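> Construct the complete structure from the given sequences, taking the supplied hints into account.
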Amino acid sequence: MGEGRDQRVLSRALLLLGALLLASGAPLRSASAQRLDTLTSAPRREIAIDERLATDAGLRIGDLVTVAQEPGGRGDTVRIAALVQRRADPSEIARGEYRVHLHLDQLQQLLRYGDRVDRFAVATRDGAAAAESAMEAINDAAFGFRAHRSRDIAVETSTTFAVVSRFHRAIGVITVVASAIFLLCIMLLKIDERRRDVAALRLMGISARSVMRSVMLEAAFVAAAGSALGVAIGAAASAIVNWYYRGVYRTPLAFALVTADTLVLAVSLSIALGLVAGFVAARRLLRVPPLALFGR
Amino acid sequence: MILTLALRTLARHRVRTLLAVAGVAVSAAMLLDMVMLSSGMRQSFRALLVEQGFQLRLAPRGTLPFDTEATMADASATVARLRARPEVERVSAVLGSQLHVARPGSAAGEGTVTAFAIGIDPRVQGDYELLDGRDADTAAARADAPVHVVFSDGLLAATGARLGDTVQVAVGHDPQLRAFAGQRRAIVSGRARFRFLAEGQRAAAIALPALQAMRGTDGHDRASVIMVRTRAGADVEALRQWVDRAVPQATAISTELAMRQVDERLSYFRQLAFILGSVSLVVGFLLVTTLVTVSVNERVGEIAVLRAIGVARRRVVWQILLESVAIMIAGAALGLLLGLVTARYLNGILADFPGLPAAIDFFLFQPRAAWTALGLLVAAGVLAGIYPSWRGASLPIARTLRQEAVG
Numbered sequence: 001m002g003e004g005r006d007q008r009v010l011s012r013a014l015l016l017l018g019a020l021l022l023a024s025g026a027p028l029r030s031a032s033a034q035r036l037d038t039l040t041s042a043p044r045r046e047i048a049i050d051e052r053l054a055t056d057a058g059l060r061i062g063d064l065v066t067v068a069q070e071p072g073g074r075g076d077t078v079r080i081a082a083l084v085q086r087r088a089d090p091s092e093i094a095r096g097e098y099r100v101h102l103h104l105d106q107l108q109q110l111l112r113y114g115d116r117v118d119r120f121a122v123a124t125r126d127g128a129a130a131a132e133s134a135m136e137a138i139n140d141a142a143f144g145f146r147a148h149r150s151r152d153i154a155v156e157t158s159t160t161f162a163v164v165s166r167f168h169r170a171i172g173v174i175t176v177v178a179s180a181i182f183l184l185c186i187m188l189l190k191i192d193e194r195r196r197d198v199a200a201l202r203l204m205g206i207s208a209r210s211v212m213r214s215v216m217l218e219a220a221f222v223a224a225a226g227s228a229l230g231v232a233i234g235a236a237a238s239a240i241v242n243w244y245y246r247g248v249y250r251t252p253l254a255f256a257l258v259t260a261d262t263l264v265l266a267v268s269l270s271i272a273l274g275l276v277a278g279f280v281a282a283r284r285l286l287r288v289p290p291l292a293l294f295g296r
Numbered sequence: 001m002i003l004t005l006a007l008r009t010l011a012r013h014r015v016r017t018l019l020a021v022a023g024v025a026v027s028a029a030m031l032l033d034m035v036m037l038s039s040g041m042r043q044s045f046r047a048l049l050v051e052q053g054f055q056l057r058l059a060p061r062g063t064l065p066f067d068t069e070a071t072m073a074d075a076s077a078t079v080a081r082l083r084a085r086p087e088v089e090r091v092s093a094v095l096g097s098q099l100h101v102a103r104p105g106s107a108a109g110e111g112t113v114t115a116f117a118i119g120i121d122p123r124v125q126g127d128y129e130l131l132d133g134r135d136a137d138t139a140a141a142r143a144d145a146p147v148h149v150v151f152s153d154g155l156l157a158a159t160g161a162r163l164g165d166t167v168q169v170a171v172g173h174d175p176q177l178r179a180f181a182g183q184r185r186a187i188v189s190g191r192a193r194f195r196f197l198a199e200g201q202r203a204a205a206i207a208l209p210a211l212q213a214m215r216g217t218d219g220h221d222r223a224s225v226i227m228v229r230t231r232a233g234a235d236v237e238a239l240r241q242w243v244d245r246a247v248p249q250a251t252a253i254s255t256e257l258a259m260r261q262v263d264e265r266l267s268y269f270r271q272l273a274f275i276l277g278s279v280s281l282v283v284g285f286l287l288v289t290t291l292v293t294v295s296v297n298e299r300v301g302e303i304a305v306l307r308a309i310g311v312a313r314r315r316v317v318w319q320i321l322l323e324s325v326a327i328m329i330a331g332a333a334l335g336l337l338l339g340l341v342t343a344r345y346l347n348g349i350l351a352d353f354p355g356l357p358a359a360i361d362f363f364l365f366q367p368r369a370a371w372t373a374l375g376l377l378v379a380a381g382v383l384a385g386i387y388p389s390w391r392g393a394s395l396p397i398a399r400t401l402r403q404e405a406v407g
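Listed in order, the protein sequences are those of chains A and B.
Heads up: the first sequence runs through residues 1 to 296, numbered per my numbering.
Heads up: the second sequence runs through residues 1 to 407, numbered per my numbering.
In short, the hints are calculated from the structure, not lab data.
Remember, predicted model here, so these are calculated numbers, not experimental data.
From the three backbone atoms N, C-alpha and C, an ideal C-beta is built for every residue, glycine too.
Any given hint might turn out to be false.
What the hints assert, rightly or not - With beta-carbon atoms standing in for the labels, derived distance ranges: (1) B/Ser278 with A/Thr159: 28 to 36 angstroms; (2) A/Thr159 with B/Arg270: 18 to 26 angstroms; (3) B/Ser394 with A/Thr159: 32 to 40 angstroms.
Spelled out as structure tokens, the structure:
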């Protein structure tokens with residue numbers, strides 16, 4: 001392993017153990033009342049904390065804090081060297097705890113953990129094939145270890161979001177059904193309102209096919225205009241949702257995305273629904289004799 | 001008379017009316033589901049928390065119960081202090097741990113099944129309901145004697161164990177050394193439903209001292225959660241504040257506080273319910289307004305004739321309002337049935353949330369939810385009828401009759 005790679009592994013292990021410390025309920029208190037500690041000659045160890053903790057506890061870079069395994073227990077006084085932003089990780093959204101990043105050796109000492117880590121993260125140079133062979137090599141050679149693909153872990157940890165996604169899809173289907181009925185109803189009313197116009201056109205010799213085309217074209221225009229308005233409202237709603245939930249959960253994660261796929265699906269579904277609604281409404285009207293449409 | 005006229009007017013355009021009722025039904029179903037969603041999960045979570053009457057839970061400082069692997073030291077001293085309080089009726093200390101269970105006939109480490117174990121005192125516990133067999137031991141037996149444990153159905157199925165079987169259980173697995181921190185023999189004496197765990201989750205209950213002893217120094221006199229039941233009329237909030245002051249290693253969480261934290265974590269679903277419920281209501285309102293307005297426009301001549309022969313403006317207003325309310329009520333009745341079906345389906349989707357207790361329902365039917373949905377729909381129906389009824393009632397009689405006669 002190259003030095004850079006070692007550092008990557010180390011920093012990831014450090015991050016994971018940092019989470020463990022928080023899980024142990026380690027307190028962070030301002031050490032402003034412990035200035036005597038600064039008289040010791042040894043240089044202060046440094047830590048990084050997440051910006052939510054900094055905001056909530058009123059901490060800044062350069063502040064001294066004490067970290068310990070137990071509330072009120074003996075710990076180390078350290079200096080805050082950096083503030084870090086939470087990653088855009090969906091699995092962390094509902095978790096309210098704070099994160100502290102310590103050097104691996106210091107955390108191992110604090111937890112009396114010995115020379116142990118919870119896991120290693122390994123980055124390979126040549127993509128998926130290299131990752132596969134590295135995983136096989138580790139699993140064949142290492143005793144007491146088990147290597148997993150990152151994507152397998154991602155699937156495992158994103159179960160919650162897969163459930164939410166299925167829920168959204170089900171809600172989407174109900175919405176589409178409601179929209180289809182609404183659109184059909186509106187088209188029926190629109191066409192019904194034009195009974196006399198249609199009757200006049202038929203009596204003038206305009207073919208039923210032309211009337212049908214005209215009605216369907218009109219339905220497509222209505223659906224397209226509605227889709228355009230819907231896309232604008234959707235984009236605005238997406239921006240509001242992201243702004244609001246990023247504030248609530250204090251994460252850079254995007255909660256609602258208007259993608260090209262979404263746009264194509266929404267617009268094509270809307271136009272298709274409009275055309276079906278127009279066809280049904282026009283067919284119903286064209287079955288009635290023109291004079292009957294005039295009420296005679 | 002007015003009602004008959006309103007219904008006959010609706011029956012005149014059957015397809016149109018049926019479509020409107022169907023549209024309102026889907027909106028009503030969605031509205032009912034969202035009303036159920038906004039209150040259901042809260043109610044079912046509260047019911048779960050108060051089911052056993054424990055009003056206060058002590059978790060390691062800064063954490064929620066079983067949210068992390070943190071534990072509290074000096075658990076027995078804390079329990080004793082709590083029991084000494086006059087307002088406290090019952091205290092139950094619980095230690096959580098990963099448990100490795102060997103299948104009957106095999107040793108620990110060979111084909112073990114991993115489960116979640118709770119160390120409890122069965123006399124005071126509120127975590128599970130014994131379904132079959134006898135309960136777990138109340139105290140640790142001698143280390144070389146088997147301890148009686150209770151398994152969930154999921155664990156019984158995974159291990160293939162039956163009541164009365166002796167299995168090897170262990171904690172603290174070291175993958176490098178392939179060794180355990182502690183292990184002992186256990187007799188599967190009972191089958192239980194664990195209230196706070198997911199359906200099918202592998203779980204076991206074992207005497208607290210036995211589990212603490214198996215974990216060695218790591219588990220010595222430690223607990224993950226301490227649950228407190230107070231006597232009737234006791235001031236829970238005062239007790240919570242006392243615990244916060246007197247037990248520095250713990251955070252005391254009352255049922256109300258837990259509900260607030262759950263509200264915070266699940267705020268997304270409440271907000272989604274509010275937004276989708278509002279949209280459903282607006283869609284239903286727009287649909288009925290449009291339909292009734294078009295219907296009024298189509299029969300301005302009729303309305304003008306009615307007015308000309310002496311029918312009061314008030315009666316015209318009532319008739320049009322009744323038309324919109326009738327569509328709403330018919331749609332709501334159909335929608336409530338549809339809503340119950342879709343709620344069951346959506347609840348089935350959300351029940352797959354990992355670790356969600358089986359007792360939690362996101363969509364909980366309560367008569368109040370149905371009445372709320374119906375009330376909102378009727379109100380929307382009345383509002384939807386205001387514009388067309390105003391239009392119908394304010395028609396200039398002579399001019400309308402002339403226009404209709406001339407065509």
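> Which of the listed hints are not met by the structure?
Violated: hint 3 alone.
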